[in-house]
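> What follows is the residue order along each chain.
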Amino acid sequence: MEIILQLKGIHKSFGGLKTLTDVNMTVKKGEIHALIGPNGAGKTTLLNIISGIESLDKGTIFFKGQDISRFPPYKRAILGMGRTFQHVEVFGEMTVKENVMVGFYLRKNRGFVSYIFSLPEVKKEEKDIEKKSLEILDYIALSHKKDFLAKNLTIGEQRILEIGRALATTPELLLLDEPAAGLNIRETKTLGQLIRKIRDERGITVLVVEHDMELIMKISDIITVLNFGCVIAEGGPLEIQKNSEVIKAYLGEED
Amino acid sequence: MGKANLISLLFFALALFFFPITVKDSYIITISIFAGINALVALGLTILMGYAGQISLGQAGFYGVGAYVSAILSLYAGIPVVFSIAIAVLAASLLAVILAIPSLRLKGHYLAVATLGFGEIIHILLNEWGPGGPSGFGDIPTFSILGYQISSTNDYFYLTWLVVVIGMILSQNLINSMGGKTLKAIHDSETASLCIGINVSQIKIKVFILSAIFAAVAGGLYAHFVTFLSPSTFSLFYSILVVLMVVLGGMRSLWGAIVGALIITFLPEVLRGFKEYDVLVYGVILTLSLLFLRKGIVPIVCDMVKKWR
Chain A
-2 MEIILQLKGI
8 HKSFGGLKTL
18 TDVNMTVKKG
28 EIHALIGPNG
38 AGKTTLLNII
48 SGIESLDKGT
58 IFFKGQDISR
68 FPPYKRAILG
78 MGRTFQHVEV
88 FGEMTVKENV
98 MVGFYLRKNR
108 GFVSYIFSLP
118 EVKKEEKDIE
128 KKSLEILDYI
138 ALSHKKDFLA
148 KNLTIGEQRI
158 LEIGRALATT
168 PELLLLDEPA
178 AGLNIRETKT
188 LGQLIRKIRD
198 ERGITVLVVE
208 HDMELIMKIS
218 DIITVLNFGC
228 VIAEGGPLEI
238 QKNSEVIKAY
248 LGEED
Chain B
183 MGKANLISLL
193 FFALALFFFP
203 ITVKDSYIIT
213 ISIFAGINAL
223 VALGLTILMG
233 YAGQISLGQA
243 GFYGVGAYVS
253 AILSLYAGIP
263 VVFSIAIAVL
273 AASLLAVILA
283 IPSLRLKGHY
293 LAVATLGFGE
303 IIHILLNEWG
313 PGGPSGFGDI
323 PTFSILGYQI
333 SSTNDYFYLT
343 WLVVVIGMIL
353 SQNLINSMGG
363 KTLKAIHDSE
373 TASLCIGINV
383 SQIKIKVFIL
393 SAIFAAVAGG
403 LYAHFVTFLS
413 PSTFSLFYSI
423 LVVLMVVLGG
433 MRSLWGAIVG
443 ALIITFLPEV
453 LRGFKEYDVL
463 VYGVILTLSL
473 LFLRKGIVPI
483 VCDMVKKWR
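Protein chains in written order, with our numbering: chain A, -2 to 252; chain B, 183 to 491.
Treat the hints as calculated values from the structure; they're not laboratory data. All figures in this text were calculated on a predicted structure; none of them were measured in a lab. Ideal Cβ placement from N, Cα and C applies to all residues, glycine included. Mixed in with the good hints there might be a few duds.
[Stated by the list, open to error] If you want the footprint, here are the derived chain A segments under chain B, 3+ residues with CB under 8 Å:
#: 1; region: 88 to 95
#: 2; region: 116 to 129
[To be verified] Calculated cross-link-like contacts (lysine to aspartate or glutamate; reagent style EDC-like; alpha-carbon spacing at most 20 Å):
#: 3; chain 1: A; residue 1: 94; chain 2: B; residue 2: 458
#: 4; chain 1: B; residue 1: 488; chain 2: A; residue 2: 184
#: 5; chain 1: B; residue 1: 185; chain 2: A; residue 2: 218
#: 6; chain 1: B; residue 1: 185; chain 2: A; residue 2: 132
#: 7; chain 1: A; residue 1: 148; chain 2: B; residue 2: 372
#: 8; chain 1: B; residue 1: 477; chain 2: A; residue 2: 90
#: 9; chain 1: A; residue 1: 120; chain 2: A; residue 2: 132
#: 10; chain 1: A; residue 1: 194; chain 2: A; residue 2: 184
#: 11; chain 1: A; residue 1: 239; chain 2: A; residue 2: 209
#: 12; chain 1: B; residue 1: 488; chain 2: A; residue 2: 209
#: 13; chain 1: A; residue 1: 215; chain 2: A; residue 2: 90
#: 14; chain 1: A; residue 1: 72; chain 2: B; residue 2: 372
#: 15; chain 1: A; residue 1: 186; chain 2: A; residue 2: 144
#: 16; chain 1: A; residue 1: 148; chain 2: B; residue 2: 370
#: 17; chain 1: B; residue 1: 489; chain 2: A; residue 2: 123
#: 18; chain 1: B; residue 1: 185; chain 2: A; residue 2: 144
#: 19; chain 1: A; residue 1: 148; chain 2: B; residue 2: 485
#: 20; chain 1: A; residue 1: 94; chain 2: B; residue 2: 370
#: 21; chain 1: A; residue 1: 143; chain 2: B; residue 2: 207
Modelling step: build the complete structure from the supplied sequences, incorporating the hints.
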């Protein structure tokens, strides 16, 4: 299968604290790839490095065969990388619909001058964007809240909205940072179905960081396990469940 | 543009049209012209501060560049006033780019301090290099459009507020478009904006230039109305006044800029009755309104109207 994302020898430290040490990882196109590990293993840092929010100390990131290690986040988004956040980052003062609409800006940017003079094509396009945004809201089952301010949604809805906003940028790779955190059992189930649906119907590759093992085991094709900034195991859900290194990392060693 | 906005704009334009005819007092009309000039500067800052979330304490600098460049060009180089203002606006935009590229990497207070420094530098330069130094210079030509001299206060009132209305329409276009949504997005979360592909620093630079253009146009209008310029008009105090107008009127409301400008411009006139205590009363009113009208006047009134319905 084609490789969409490849990490080679990623190192990152904050001050003297080594957060990531020589991380190598490949994500194949069309897979749901999970990244798990105990707290403080460096999962979120790795995701931030992939999306460009955090810079790396050493190593290379290839996205669709291109070295993007030094690209700013917005360029990675243009190339087709979308993401959500562990600490939700919806645009709180904007409505749910507007949140998705800005997602389309990336592919439909007309430039300031045409906005200021409100040229005819701008208005037409805005209608079009609005229609497409409503379609996305239907897709993620949030249309009933379209005129709510995003800050007034529940945390679960905000996480789903972040996925919708990312979908508006038509990504090829979607990074999800703990999408199930703060969700109840029913919401988590819906989330799992949504992630599958996004992959199955839209062919979007998903890289997901998550603590909810039930969800991970159910949806992922392949799992990479991080511990203290190092990759300690990689394999399918069944393989990982039996892996002694992983069990040790999570439960500690028997005396 | 929404229907409600269009209707309010129409009413606003009508009110402006009848204002000088009904008021007739040339003193009040003159103050209204200053209010219009201030409203333009405030409009630019509202977009920058209220929507894009970038604080500037240097608007007086752009205002001063607009005024001085246009005045000097028309007075000493004989360039027709409309063109001199256009060149002044270009000069201010250029300065905005030069200032924006390094300083928009800064956030919050740091950006405020950088723009404050810029404003002060311009103020000092006007003092040192401006014609007449600290005491300023006069005899600046007045406006003439296609051979028609705009000299009466009424004419100038219409000209100024016409520019304000045009500025208002253009700002509303921007705010209500996808462009405006990206500004709000940057205001709410820069990180998320970056991750959905918004080139945040480029957009910040553009809004910064836009706010400088508004201030420079206002500066040009000021110079050719008053026909006399001195650096003291373009001090830090003016920058702070503009911030006050924006905050008082309502940061996230374009109409707020106009309401804020009207209040701040007329308040000292209204308070003349307090004689030597006017500055004190002025200060107390501003402090109280900032304490109790945090959202700004226009948004609060809008909320009240919605509830009352």
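> Decide, hint by hint, whether the structure agrees.
Hint check:
1. Coverage of a stretch by a chain is defined here by at least three residues with a beta carbon nearer than 8 Å to that chain's beta carbons; for the region 88 to 95 of chain A and chain B the count is 5, and the condition holds.
2. Residues of the region 116 to 129 of chain A lying with their CB closer than 8 Å to a CB of chain B number 4, which satisfies the three-residue condition for coverage.
3. Of the pairs offered as hints, the one joining residue 94 of chain A and residue 458 of chain B is violated, with about 54 Å between alpha carbons and a cut-off of 20 Å exceeded.
4. The hinted pair formed by residue 488 of chain B and residue 184 of chain A fails the criterion: a straight-line CA distance of about 35 Å is larger than 20 Å.
5. For the proposed pair residue 185 of chain B and residue 218 of chain A, the alpha carbon gap of about 52 Å is over 20 Å, so the pair is violated.
6. For the proposed pair residue 185 of chain B and residue 132 of chain A, the alpha carbon gap of about 25 Å is over 20 Å, so the pair is violated.
7. Between residue 148 of chain A and residue 372 of chain B the CA atoms are separated by roughly 16 Å; this keeps the pair inside 20 Å, and the hint holds.
8. About 14 Å separates the Cα atoms of residue 477 of chain B and residue 90 of chain A, which keeps this hinted pair within 20 Å; it holds.
9. A distance of roughly 19 Å separates the Cα atoms of residue 120 of chain A and residue 132 of chain A; the hinted pair therefore holds under the 20 Å criterion.
10. For a cut-off of 20 Å, the pair hint linking residue 194 of chain A to residue 184 of chain A stands: about 15 Å separates their Cα positions.
11. Among the hinted pairs, residue 239 of chain A with residue 209 of chain A is consistent with the structure: their alpha-carbon atoms are about 17 Å apart, no more than 20 Å.
12. The suggested pairing of residue 488 of chain B with residue 209 of chain A is violated, with an alpha-carbon distance near 44 Å, which exceeds 20 Å.
13. The straight-line distance between the Cα atoms of residue 215 of chain A and residue 90 of chain A is roughly 35 Å, outside the 20 Å bound, and the hint therefore fails.
14. Simply put, residue 72 of chain A and residue 372 of chain B have alpha-carbon atoms about 15 Å apart, close enough for the 20 Å limit, and the pair holds.
15. Taking the CA atoms of residue 186 of chain A and residue 144 of chain A, the gap is about 25 Å. The hint is violated against a cut of 20 Å.
16. Of the pairs offered as hints, the one joining residue 148 of chain A and residue 370 of chain B holds, with about 10 Å between alpha carbons and a cut-off of 20 Å not exceeded.
17. Of the supplied pair hints, the one linking residue 489 of chain B and residue 123 of chain A is violated, its CA atoms being roughly 30 Å apart against a limit of 20 Å.
18. Between residue 185 of chain B and residue 144 of chain A, the direct Cα distance comes to roughly 18 Å. Compliance with the 20 Å bound is thereby established for this hinted pair.
19. With a C-alpha separation of about 18 Å, the suggested pair residue 148 of chain A and residue 485 of chain B falls inside the 20 Å cut-off, and the hint holds.
20. Of the supplied pair hints, the one linking residue 94 of chain A and residue 370 of chain B holds, its CA atoms being roughly 15 Å apart against a limit of 20 Å.
21. Proposed proximity of residue 143 of chain A and residue 207 of chain B is contradicted: the alpha carbons are some 51 Å apart, above 20 Å.
Violation of the numbered hints given earlier is confined to hints 3, 4, 5, 6, 12, 13, 15, 17 and 21; the remaining hints are satisfied by the structure.
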